[in-house]
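Colleague: In case you want the letters, here they are:
There are 2 protein chains.
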Amino acid sequence: MDKLIEKIIETQNPTVAGLDPKLDYVPEYIKAECFAKYGRTLEGAAAALFEFNKKLIDALYDIVPAVKPQAAYYEMYGWQGVKALAATIDYAKAKGMYVITDGKRGDIGATMEAYAAAHLGTTDVGGDTIVAFGADSLTVNGYLGTDCIKPLLSLCKDKDKSIFVLAKTSNPSSGELQDKKIGDKTVYETMGEMCEGWGSDTIGRYGYSAVGAVVGATYPEMLRELREKLPHTFFLVPGYGAQGGGAEDAKYAFDENGLGAIVNSSRGIMCAWKKQDGKTEDDFAEAAREEAIRMREDLLSVVGEIK
Amino acid sequence: MDKLIEKIIETQNPTVAGLDPKLDYVPEYIKAECFAKYGRTLEGAAAALFEFNKKLIDALYDIVPAVKPQAAYYEMYGWQGVKALAATIDYAKAKGMYVITDGKRGDIGATMEAYAAAHLGTTDVGGDTIVAFGADSLTVNGYLGTDCIKPLLSLCKDKDKSIFVLAKTSNPSSGELQDKKIGDKTVYETMGEMCEGWGSDTIGRYGYSAVGAVVGATYPEMLRELREKLPHTFFLVPGYGAQGGGAEDAKYAFDENGLGAIVNSSRGIMCAWKKQDGKTEDDFAEAAREEAIRMREDLLSVVGEIK
Numbered sequence: 001m002d003k004l005i006e007k008i009i010e011t012q013n014p015t016v017a018g019l020d021p022k023l024d025y026v027p028e029y030i031k032a033e034c035f036a037k038y039g040r041t042l043e044g045a046a047a048a049l050f051e052f053n054k055k056l057i058d059a060l061y062d063i064v065p066a067v068k069p070q071a072a073y074y075e076m077y078g079w080q081g082v083k084a085l086a087a088t089i090d091y092a093k094a095k096g097m098y099v100i101t102d103g104k105r106g107d108i109g110a111t112m113e114a115y116a117a118a119h120l121g122t123t124d125v126g127g128d129t130i131v132a133f134g135a136d137s138l139t140v141n142g143y144l145g146t147d148c149i150k151p152l153l154s155l156c157k158d159k160d161k162s163i164f165v166l167a168k169t170s171n172p173s174s175g176e177l178q179d180k181k182i183g184d185k186t187v188y189e190t191m192g193e194m195c196e197g198w199g200s201d202t203i204g205r206y207g208y209s210a211v212g213a214v215v216g217a218t219y220p221e222m223l224r225e226l227r228e229k230l231p232h233t234f235f236l237v238p239g240y241g242a243q244g245g246g247a248e249d250a251k252y253a254f255d256e257n258g259l260g261a262i263v264n265s266s267r268g269i270m271c272a273w274k275k276q277d278g279k280t281e282d283d284f285a286e287a288a289r290e291e292a293i294r295m296r297e298d299l300l301s302v303v304g305e306i307k
Numbered sequence: 001m002d003k004l005i006e007k008i009i010e011t012q013n014p015t016v017a018g019l020d021p022k023l024d025y026v027p028e029y030i031k032a033e034c035f036a037k038y039g040r041t042l043e044g045a046a047a048a049l050f051e052f053n054k055k056l057i058d059a060l061y062d063i064v065p066a067v068k069p070q071a072a073y074y075e076m077y078g079w080q081g082v083k084a085l086a087a088t089i090d091y092a093k094a095k096g097m098y099v100i101t102d103g104k105r106g107d108i109g110a111t112m113e114a115y116a117a118a119h120l121g122t123t124d125v126g127g128d129t130i131v132a133f134g135a136d137s138l139t140v141n142g143y144l145g146t147d148c149i150k151p152l153l154s155l156c157k158d159k160d161k162s163i164f165v166l167a168k169t170s171n172p173s174s175g176e177l178q179d180k181k182i183g184d185k186t187v188y189e190t191m192g193e194m195c196e197g198w199g200s201d202t203i204g205r206y207g208y209s210a211v212g213a214v215v216g217a218t219y220p221e222m223l224r225e226l227r228e229k230l231p232h233t234f235f236l237v238p239g240y241g242a243q244g245g246g247a248e249d250a251k252y253a254f255d256e257n258g259l260g261a262i263v264n265s266s267r268g269i270m271c272a273w274k275k276q277d278g279k280t281e282d283d284f285a286e287a288a289r290e291e292a293i294r295m296r297e298d299l300l301s302v303v304g305e306i307k
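Just so you know, the sequences run in chain order R and F.
Here the numbering used here is used: the first residue of the first sequence is 1, the next is one more, and so on.
Here the numbering used here is used: the first residue of the second sequence is 1, the next is one more, and so on.
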């Protein structure tokens, strides 16, 4: 996790920009250009998403340490959309950003080998080694247990990658299973403890392992509880902004050095122009940068200097 | 679930062929052709996977009701692999097979709308409606609760689709979370009961809802337990063959009419030539058909006539 943490310290910004680009968010002029070139097709839509992402990344890369493309918003535009996901990852990495692919993948061991190769590792093609997607980090659903995590762990160790395992998610119905008690512990705490175990031999310079956890800002008390109980587990915190969480909620995710967490904002950044006076959709990139600066100040006001 | 059930009755075969095509499984002559055309690239690999799948589908479509492509094995070959997934789905559907995309997707509500559009529904592109992947069914991880299921349910109702939610998975470490007790019920039973609830207003002609569950053949006692407790939930049963389960294990998944479950075999069918005397990799399609017939007979020997 050190690579991410160093980017956070360098930018003094514990924020990750979610790139969940629905076509509705993309300004008309970009769509018109792409439809003119590729037609009103999945290819045209995917080209528009990538143009939109590029402009967002250009506006953010020097002040935001990481991006988190959400796989679903690319898959809905077919393989053409998935091609835009690959291009987005490449572009963000070329700009020096840390890339977390939000895929929430989780499967049996042999299949996780394939997901690990796809998203964090390399694929062998007749003896040649090729990078398929090549993110720095992947979100993971741990419902299947250790089998599902192991293939990723070896890439964490050998290739300096990380993962974030779902513990307590930000959505309203997350408690249906996650808040239930197993003995005297909730399911989310049980999952969090598994993260501590899985990460135990990948602890880096800042005390955090390569196995992080997803814990929503929409449940600040649980965030506080897990921060105390999981001292080596870095948190990816969704739920800030559009989902209702604020800096006062997210603050519990951090340790005394201002580390321990990175807070996601997707729509809040992508669609920031809607909430800024005098802006139109054509100003989305400038508005995204302003919102990213506002969010950084908002978080630093509760976190203090990150060291 | 009626569409799947009718295919099962028509073919008298409660089997789904898993299409998890690693490049290693593809005969040299197919790879040589595809590499000659596209180079030793992800494009070349993806073309080889699709050729392999087409020949398998041609060998199976009249005797096996369904295929289950596993998304991971396509993603590992990049967007080019995902394009081969889309082509495979189209090809299998054109041959009349029921297609279950094994993606184990699971996310918050807004994101599940995107996954639902991607895999079961349609995507809007500037007013035009386009099918991105268009499977009949999707496997789902329910760790996030009802929010994650709802967007899929409306497609189940409106477009005659189905889903299979992970309950008790076939892998060795599945018990780490799934076997833990919540009150007097295991996590897998709790998840199974949620499936009964989610499916309650989509019950079809055969008594099964559109919300199925994944329950592994490698845990026959739990399969038997869940069959009794979840009378409206159709099971997708992995773990037969390469993972160690046999017909004697899988039999508990079925009801007295021989319905209630479809049993998956992936490597067992794809790599059947390895276990058949005198066959080489060039005979993979013929061997796959022979294995599918053997598996059908094996399952029918414990299930009886399907009606």
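Hints in this document: simulated from the structure, not taken from any laboratory.
Don't take every hint at face value.
Since the list gives no way to pick one copy over another, a pair counts as held whenever it fits inside one copy or between any two copies.
To be verified - No more than 25 Å apart at the CA atoms, straight line, and that leaves these computed lysine-lysine pairs for PhoX-like: (1) K180 <-> K95; (2) K54 <-> K185; (3) K185 <-> K274; (4) K37 <-> K185; (5) K150 <-> K22; (6) K279 <-> K229; (7) K229 <-> K55; (8) K159 <-> K185; (9) K157 <-> K180; (10) K159 <-> K22; (11) K7 <-> K181; (12) K181 <-> K55; (13) K150 <-> K229; (14) K180 <-> K229; (15) K279 <-> K307; (16) K159 <-> K180; (17) K181 <-> K229; (18) K157 <-> K274; (19) K307 <-> K54; (20) K3 <-> K95; (21) K22 <-> K93; (22) K229 <-> K3; (23) K159 <-> K181; (24) K180 <-> K279; (25) K3 <-> K22; (26) K180 <-> K274; (27) K159 <-> K93.
Colleague: So, for every hint listed, does it hold in this structure?
Modeller: Status of the hints after comparison with the structure:
Taking the shortest Cα distances, K180 and K95 never come within 25 Å of each other, neither inside one copy (42 Å) nor across copies (45 Å). With identical chains, the CA atoms of K54 and K185 are never at most 25 Å apart, being 44 Å at best within one copy and 49 Å at best between copies. Taking the shortest alpha-carbon separations for K185 and K274, neither the intra-copy value of 42 Å nor the inter-copy value of 47 Å comes in at or below 25 Å. In this assembly of identical chains, K37 and K185 lie within 25 Å of each other by CA distance neither inside one copy nor across copies; the values are 56 Å within and 57 Å between.
For the identical chains of this complex, K150 and K22 are inter-copy neighbours only, at 20 Å across copies versus 33 Å inside a copy, given an alpha-carbon limit of 25 Å. For the identical chains of this complex, K279 and K229 are neighbours neither inside a copy (44 Å) nor across copies (57 Å), given an alpha-carbon limit of 25 Å. When the C-alpha separation of K229 and K55 is checked against a cutoff of 25 Å, the pair qualifies neither within a copy, at 40 Å, nor between copies, at 53 Å. Taking identical chains as interchangeable, the C-alpha atoms of K159 and K185 are never at most 25 Å apart, the minima being 34 Å within one chain and 40 Å between chains.
Within a single copy, K157 and K180 get their C-alpha atoms no closer than 33 Å, and across copies no closer than 30 Å, so neither meets the 25 Å cut-off. In this assembly of identical chains, the alpha carbons of K159 and K22 lie at most 25 Å apart only when taken from different copies (23 Å versus 32 Å within one copy). Taking the shortest Cα distances, K7 and K181 never come within 25 Å of each other, neither inside one copy (37 Å) nor across copies (41 Å). Taking identical chains as interchangeable, the C-alpha atoms of K181 and K55 are never at most 25 Å apart, the minima being 45 Å within one chain and 49 Å between chains.
In the homo-oligomer, the alpha carbons of K150 and K229 lie at most 25 Å apart inside one protomer (23 Å), although the nearest pairing across protomers, at 33 Å, exceeds that limit. Within a single copy, K180 and K229 get their C-alpha atoms as close as 18 Å, and across copies as close as 20 Å, so both meet the 25 Å cut-off. Taking the closest pair of Cα atoms, K279 and K307 never come within 25 Å of each other, the shortest separation being 35 Å inside a single copy and 64 Å across copies. Neither within a single protomer nor between protomers do K159 and K180 lie at most 25 Å apart by alpha-carbon distance, with minima of 36 Å and 33 Å respectively.
Proximity of K181 to K229 under the C-alpha cut-off of 25 Å is found in both arrangements, the shortest distances being 16 Å within a copy and 22 Å between copies. For a Cα distance limit of 25 Å, the shortest separation of K157 from K274 qualifies neither inside one copy, at 42 Å, nor across copies, at 35 Å. Proximity of K307 and K54 under a CA criterion of 25 Å is satisfied in neither setting, with 30 Å inside one chain copy and 56 Å between copies. Taking the closest pair of Cα atoms, K3 and K95 come within 25 Å of each other only inside a single copy of the chain (15 Å); across copies the shortest separation is 49 Å, beyond that limit.
When the C-alpha separation of K22 and K93 is checked against a cutoff of 25 Å, the pair qualifies only within one copy, where the shortest distance is 22 Å, while the shortest distance between copies is 28 Å. For the identical chains of this complex, K229 and K3 are intra-copy neighbours only, at 24 Å inside a copy versus 48 Å across copies, given an alpha-carbon limit of 25 Å. Taking CA atoms no more than 25 Å apart as the test, K159 paired with K181 passes in neither setting, with 36 Å inside one copy and 37 Å between copies. In this assembly of identical chains, the alpha carbons of K180 and K279 never lie at most 25 Å apart, being 45 Å within a copy and 52 Å across copies at closest.
Taking the closest pair of Cα atoms, K3 and K22 never come within 25 Å of each other, the shortest separation being 29 Å inside a single copy and 32 Å across copies. For a Cα distance limit of 25 Å, the shortest separation of K180 from K274 qualifies neither inside one copy, at 39 Å, nor across copies, at 46 Å. In this homomeric assembly, K159 and K93 come within 25 Å of each other (Cα to Cα) only inside a single copy, at 15 Å, whereas the closest approach across copies is 40 Å.
Going through the hint list in order, the structure does not satisfy hints 1, 2, 3, 4, 6, 7, 8, 9, 11, 12, 15, 16, 18, 19, 23, 24, 25 and 26.
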